[in-house]
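Protein chains in written order, with our numbering: chain A, 1 to 342; chain B, 1 to 260.
Some clues are possibly wrong.
[As the list claims (entries may be wrong)] Residues from chain A shown here face chain B by an in silico Cβ test under 8 angstroms; the list is partial:
hint, residue
1, E6
2, R48
3, M127
4, A172
5, G193
6, L195
7, I199
8, A268
[To be verified] Just a sample of chain B residues kept apart from chain A, beta carbon distances all over 12 angstroms, derived:
hint, residue
9, F71
10, C136
11, A213
12, D225
13, E231
14, E240
Please keep in mind that the hints were generated in silico from the structure rather than gathered at the bench.
Ideal placement from N, C-alpha and C gives every residue a C-beta, glycine not left out.
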Amino acid sequence: MILDLEQFIRNGRPLWSELETILTRMETEPRWRPTLAEATRLHYLYERAAADLGRLATFASEPMTRRYLESLVARAYGEIHEARDTSMRFRPATQFLREFPRAFRRHLRWFAWSAVISLAGVLFGAMALVLDPDSRHATMAYGHDRQTPSERVHQEETGAPSGVGGSQARFAGFLMTHNLRVSLTTLALGMTGGLGTVISLFYNGVILGSVAADYINDGQSAFLAGWILPHGTIEIPAILIAGQAGLLLGAALIGRGSRDPLRLRLAAIRSDLLTLITGITGLLIWAGLVEGFFSQYHEPAVPYALKIAFGLLELLLLILFLTRCGRDNPRSPTKHPLTTDH
Amino acid sequence: MPPSHTSLLRLRTPEGIAFDLPLAGPVSRLVAWMLDALIIALLCSVIGALFSAVGWLLPDLAAGVMLIAFFVSQFGYAILLEWRWRGQTLGKRLMRLRVVDATGHKLHLSQIVLRNLLRTVDVLPGSYLIGGLACCLTPRAQRLGDLAANTVVIREPRMEQPDLTQLLAGRFNSLRSRPHLCARLRQEVPPAEAAIALQALLRRDELDPVSRARLFAELATRFRDRVAFPEDLTEGLSDEQYVRAATDLLYGGPGGGDRR
């Protein structure tokens with residue numbers, strides 16, 4: 001008990017108050033940047049508060065003062081020792097047009113795995129339907145098993161649409177949010193070490209495979225292509241990219257072949273995950289609009305050839321976008337717009 | 001080891017100073033989440049009412065935009081507030097909780113977005129079962145979203161500057177007339193016991209009269225057993241006054257002399 005606590009508090013109070021005022025300003029005004037003199041003063045005040053905390057911890061056991069100083073030092077520590085880019089500005093256009101294709105290419109291996117798993121699901125769904133037609137009730141979702149493909153095509157082509165007439169915007173809104181939810185779940189299931197993502201991708205593949213096989217089996221391939229391609233060429237890659245992000249997350253969790261601790265492995269992929277999510281959101285908004293306002297119109301209103309051509313054109317543009325956009329210009333080094341988290 | 005409600009996040013600065021942040025337990029986080037869920041439900045009701053009011057003009061477009069607005073509210077509420085309020089939503093603010101970086105650094109936007117988007121797996125299979133279990137089983141009470149984003153949720157009790165001057169200063173302390181006994185008292189009383197006496201004095205008005213009398217009697221006995229001051233100095237002092245005088249010696253430092 002060799003610390004005169006009363007005097008200690010009396011001496012420290014003005015400096016602590018000054019530090020508290022600066023910290024409050026920094027917290028309430030994120031855009032405020034201190035001058036060199038202010039930054040130097042902040043650092044001095046932080047060191048004084050830290051030293052006071054050290055003295056208090058060594059020479060006295062008064063918890064109230066200690067807790068107060070701990071909270072002050074913790075706040076100042078976060079401000080002073082932050083070495084990452086602390087820009088709070090989020091530029092979605094740059095994020096989507098430049099960073100998204102880059103992040104996609106950086107982790108292309110996981111996209112390939114995502115595609116292979118989905119393809120396995122597609123084959124399983126198709127085989128199940130061919131070998132056991134009754135399985136359509138188990139493998140088809142969203143009410144596709146309620147009527148045969150021929151019945152639906154007849155209904156659509158004779159002017160009795162399947163239920164979205166007059167409510168395209170509502171349908172598009174539903175599709176966007178639903179597909180985003182599916183994609184986010186597929187990504188988030190990466191936290192199961194990737195197993196949940198694999199199951200989700202496989203299941204989505206099974207649904208797609210069984211529906212496709214059902215229409216092909218029934219001789220409705222042209223309708224199927226005209227119906228699926230306009231939105232599917234964007235929506236399906238978006239879900240595969242969600243799977244890519246989920247597998248990337250799972251791989252970081254498992255950390256096979258890496259000596260880094262879990263914290264560093266996750267920090268290394270965090271900004272890429274965010275970039276992929278931004279990209280997936282952009283793609284699914286477009287896919288939702290196309291599905292709501294275009295895919296549901298069939299012959300004779302819109303020729304299948306036109307719909308198929310539109311879908312293939314979208315696919316070509318998507319491939320070009322993902323493989324070409326965001327390539328580095330060696331003369332202008334770029335900075336990540338959202339974060340540099342390493 | 002499952003964390004208890006007293007779990008602490010210990011951080012050490014490059015200057016060698018260590019400090020602790022109290023981690024929030026699953027129950028307080030659950031209450032904060034329920035408050036937030038209520039606010040989101042209210043927000044969705046307001047959006048619904050708003051779009052119903054203007055929906056007569058373009059009913060289909062209004063319905064589509066409303067669906068998207070619901071979705072954005074559900075995910076955007078926590079992201080926006082935790083970003084603007086440095087790790088706090090309304091529910092967390094009411095419960096005095098805050099999301100912070102697990103290394104003590106500033107919370108980053110990417111961390112906020114990731115921890116909130118990964119909520120989709122924390123809520124599985126329902127009622128936050130996975131997130132709740134993870135929170136109970138991880139040493140720093142983290143749900144899966146927190147693990148991925150390297151964040152923790154801490155308790156943030158109201159912090160005000162300590163004011164001991166009203167308690168200790170400006171009063172005559174008869175015990176100070178025996179400096180050698182004062183020095184022995186400082187030597188004999190362990191820090192934990194001194195801290196208990198100080199806290200008892202700081203919180204004495206919160207105690208009911210019987211408990212207050214009993215507590216100070218016990219503390220006074222302990223101090224008297226350690227160092228016996230002459231009776232002429234302690235005569236007429238109640239147990240509480242005795243404890244206050246002794247605590248003044250313990251925390252007032254060796255700079256002696258009577259203070260008036």
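These are the hints, each one checked on the structure:
no. : hint : in the structure
1   : E6   : holds, 5 angstroms
2   : R48  : violated, 11 angstroms
3   : M127 : violated, 29 angstroms
4   : A172 : holds, 6 angstroms
5   : G193 : violated, 11 angstroms
6   : L195 : violated, 12 angstroms
7   : I199 : violated, 12 angstroms
8   : A268 : violated, 11 angstroms
9   : F71  : violated, 4 angstroms
10  : C136 : holds, 16 angstroms
11  : A213 : holds, 24 angstroms
12  : D225 : holds, 18 angstroms
13  : E231 : holds, 25 angstroms
14  : E240 : holds, 19 angstroms
When each numbered hint is compared with the structure, violations occur for hints 2, 3, 5, 6, 7, 8 and 9.
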